[in-house]
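Trainee: Go ahead and model the full structure; you've got the sequences and the hints to work with.
Number of protein chains: 2
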Amino acid sequence: MQYLTDTDMGLDLSEVNMSVESAFADHGRGLVQMPPKVYITLPEGDFRTMPAYLPSLSIAGVKIVNVHPNNPPRGLPTVMALTIILDLATGQPVAVINATRLTDMRTGAAGAVAAKYLSAKKEIVLGVIGTGRQAEAQVAAISRELKITEIRVHGRNPVHVRKFADRFMEFPCHAMTPEKACDCDVLVTTTPSTAPVVKSEWIHEGTHINAIGADAPGKEELDPVLLRRAQVFVDDPAQAIHSGEINVPISKGLYRTEEIAGTLGEVVIGKKKRLSPNAITIFDSTGLAIQDLAIAKIAMQHGRKFELPFP
Amino acid sequence: MQYLTDTDMGLDLSEVNMSVESAFADHGRGLVQMPPKVYITLPEGDFRTMPAYLPSLSIAGVKIVNVHPNNPPRGLPTVMALTIILDLATGQPVAVINATRLTDMRTGAAGAVAAKYLSAKKEIVLGVIGTGRQAEAQVAAISRELKITEIRVHGRNPVHVRKFADRFMEFPCHAMTPEKACDCDVLVTTTPSTAPVVKSEWIHEGTHINAIGADAPGKEELDPVLLRRAQVFVDDPAQAIHSGEINVPISKGLYRTEEIAGTLGEVVIGKKKRLSPNAITIFDSTGLAIQDLAIAKIAMQHGRKFELPFP
Numbered sequence: 367m368q369y370l371t372d373t374d375m376g377l378d379l380s381e382v383n384m385s386v387e388s389a390f391a392d393h394g395r396g397l398v399q400m401p402p403k404v405y406i407t408l409p410e411g412d413f414r415t416m417p418a419y420l421p422s423l424s425i426a427g428v429k430i431v432n433v434h435p436n437n438p439p440r441g442l443p444t445v446m447a448l449t450i451i452l453d454l455a456t457g458q459p460v461a462v463i464n465a466t467r468l469t470d471m472r473t474g475a476a477g478a479v480a481a482k483y484l485s486a487k488k489e490i491v492l493g494v495i496g497t498g499r500q501a502e503a504q505v506a507a508i509s510r511e512l513k514i515t516e517i518r519v520h521g522r523n524p525v526h527v528r529k530f531a532d533r534f535m536e537f538p539c540h541a542m543t544p545e546k547a548c549d550c551d552v553l554v555t556t557t558p559s560t561a562p563v564v565k566s567e568w569i570h571e572g573t574h575i576n577a578i579g580a581d582a583p584g585k586e587e588l589d590p591v592l593l594r595r596a597q598v599f600v601d602d603p604a605q606a607i608h609s610g611e612i613n614v615p616i617s618k619g620l621y622r623t624e625e626i627a628g629t630l631g632e633v634v635i636g637k638k639k640r641l642s643p644n645a646i647t648i649f650d651s652t653g654l655a656i657q658d659l660a661i662a663k664i665a666m667q668h669g670r671k672f673e674l675p676f677p
Numbered sequence: 367m368q369y370l371t372d373t374d375m376g377l378d379l380s381e382v383n384m385s386v387e388s389a390f391a392d393h394g395r396g397l398v399q400m401p402p403k404v405y406i407t408l409p410e411g412d413f414r415t416m417p418a419y420l421p422s423l424s425i426a427g428v429k430i431v432n433v434h435p436n437n438p439p440r441g442l443p444t445v446m447a448l449t450i451i452l453d454l455a456t457g458q459p460v461a462v463i464n465a466t467r468l469t470d471m472r473t474g475a476a477g478a479v480a481a482k483y484l485s486a487k488k489e490i491v492l493g494v495i496g497t498g499r500q501a502e503a504q505v506a507a508i509s510r511e512l513k514i515t516e517i518r519v520h521g522r523n524p525v526h527v528r529k530f531a532d533r534f535m536e537f538p539c540h541a542m543t544p545e546k547a548c549d550c551d552v553l554v555t556t557t558p559s560t561a562p563v564v565k566s567e568w569i570h571e572g573t574h575i576n577a578i579g580a581d582a583p584g585k586e587e588l589d590p591v592l593l594r595r596a597q598v599f600v601d602d603p604a605q606a607i608h609s610g611e612i613n614v615p616i617s618k619g620l621y622r623t624e625e626i627a628g629t630l631g632e633v634v635i636g637k638k639k640r641l642s643p644n645a646i647t648i649f650d651s652t653g654l655a656i657q658d659l660a661i662a663k664i665a666m667q668h669g670r671k672f673e674l675p676f677p
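In order, the protein sequence lines correspond to chains Z and H. Note that the numbering used here has the first sequence beginning at 367, numbered continuously upward. Note that the numbering used here has the second sequence beginning at 367, numbered continuously upward.
Hints listed in this document are in silico derivations from the structure and should not be mistaken for laboratory results. Any given hint could be a false lead.
Taking beta-carbon pairs under 10 Å as the criterion, some of the chain H residues facing chain Z (in silico) [claimed, not checked]:
no., residue
1, 372
2, 376
3, 401
4, 402
5, 405
6, 412
7, 417
8, 443
9, 446
10, 467
All residues carry an ideal CB built from backbone N, CA and C; glycine is no exception.
Mentor: Listed below in structure tokens is the structure:
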């Protein structure tokens, strides 16, 4: 058994996007095993257990990931993750992977796949609400699939906004009010908000939105009115209903599960699509275990390895 | 983060029994978080993901365990396991534990707790059907709680039966037909059978049975008629209905969930009990994640440690 860390170093983001896209295609075709992630609540946060089996990539395993908002003052990331990979033939654990950075990257990759298939344009003004690690991951991954002509970013902390802009010197990057950031072709929201931060009237026709932040019951970033103006695609219906952008509107009776337009997997295999250039499309991302396996497949070729005795 | 292996060396079985009993007590009081284990099917077996949080022992984590019956000819155990332990305050993974032997031991401990509370006698003739690792673990753990005056063992392979008997030289140990092995005070069944191996008429009044083998849909060891003569206690109702001894009889309409007498946790806290010395009691064990955490709590003080960089 090996322990692997720093596997994100030198990963090719285009290759990651491709692997994650292939996992979504398999998901769309019903070829994966992936029960909904399981939540355990801890005193100051939670952790989620995400097992899956992705036959087409010949990989099976479990990601374990926590969310602890009080961690940064302690010098620890809010989100940390391990992925355990099992041998398909024998079930033996063969790798334990430090998946903290990989988690950012695979979520970025899902956003990139969604934007690739659902954006009405190939050259885009990219709006970004939120300036954390996931905002960076989304921009980095999307830039591999679409040509970004400008970034319009909004964050509450000017220092974080500046740091974000410095990270993407290759694009014109402007700090804006949230309303102006929403005036774009593709919008990415990556806040931990529990109340809408994007008003429906700020979003014009033809926009695609990656709604990334809501990943637990009670979280939401978008005005529920906007959901009903849009085609909402989810990564996985069960997870999205439980903990995605649509979870709060559904629990309040402001959105119905029957209104979900389809899954990203169905979009990737061509079964579902943006209905017109003027449609508003939303990708409601909760994060799937198959994304973690897809990136693990590549990551296992990289990083530092420690050999451990097992069994 | 540490990787720990060989933690079973030098573990005190009485201490393990006590820790597992305490976990069952918390379970009986509704103080634990433990969703039902999640199964993923692989080409030649399966693996199960078992997250939990046990506040009274201040421990949270996930066990990942496979079942691959074709492994032994390959020189690998059928069952192998890892337990990941997370820091309660920060969610950071702090330990990855080789839990293969610990899995045997914690299942043995649950059997010992069940026998301690449900056996009608303190001095017992112990019947054992099956001679594998779990049969040994049951006998070793039960011997810490009850005085074993004789072991009556049945196994299909005489070589395995002899090996089993050699392991327990401290007790009179006799190989028997299954019928004669069932003429005992406490019976342990640990086979991977998918059809009953114990007939109802072989079991006399007052017997307690640890039904250990059935741990997946389709598995069963006991005549369904016997279930209806007995008080059946489960470790966890959801898991037992899905994959315990009662799963096949329930699916065939031969047993009803309403007939379950209670949980082992309820027995430990005194809420449920054996109704009379003549009652037949059955403990339907599927294996709980809290058992894995209870033994991990002790095991982390033992074994070989490897320091690994994280995050």
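Trainee: If a hint holds in the structure, say so; if it doesn't, say that too.
Mentor: Results of checking the hints against the structure:
1. 372: holds, 8 Å
2. 376: Constraint on residue 376 of chain H not satisfied, violated at 17 Å.
3. 401: holds, 5 Å
4. 402: With Cβ-Cβ at 9 Å, under 10 Å, it holds.
5. 405: holds, 8 Å
6. 412: Because about 8 Å separates residue 412 of chain H from the closest Cβ in chain Z, which is inside the 10 Å limit, the hint holds.
7. 417: Check passed: Cβ of residue 417 of chain H comes within 4 Å of chain Z, closer than 10 Å.
8. 443: Residue 443 of chain H check passes; min Cβ-Cβ to chain Z is 6 Å, inside 10 Å.
9. 446: Because about 5 Å separates residue 446 of chain H from the closest Cβ in chain Z, which is inside the 10 Å limit, the hint holds.
10. 467: holds, 9 Å
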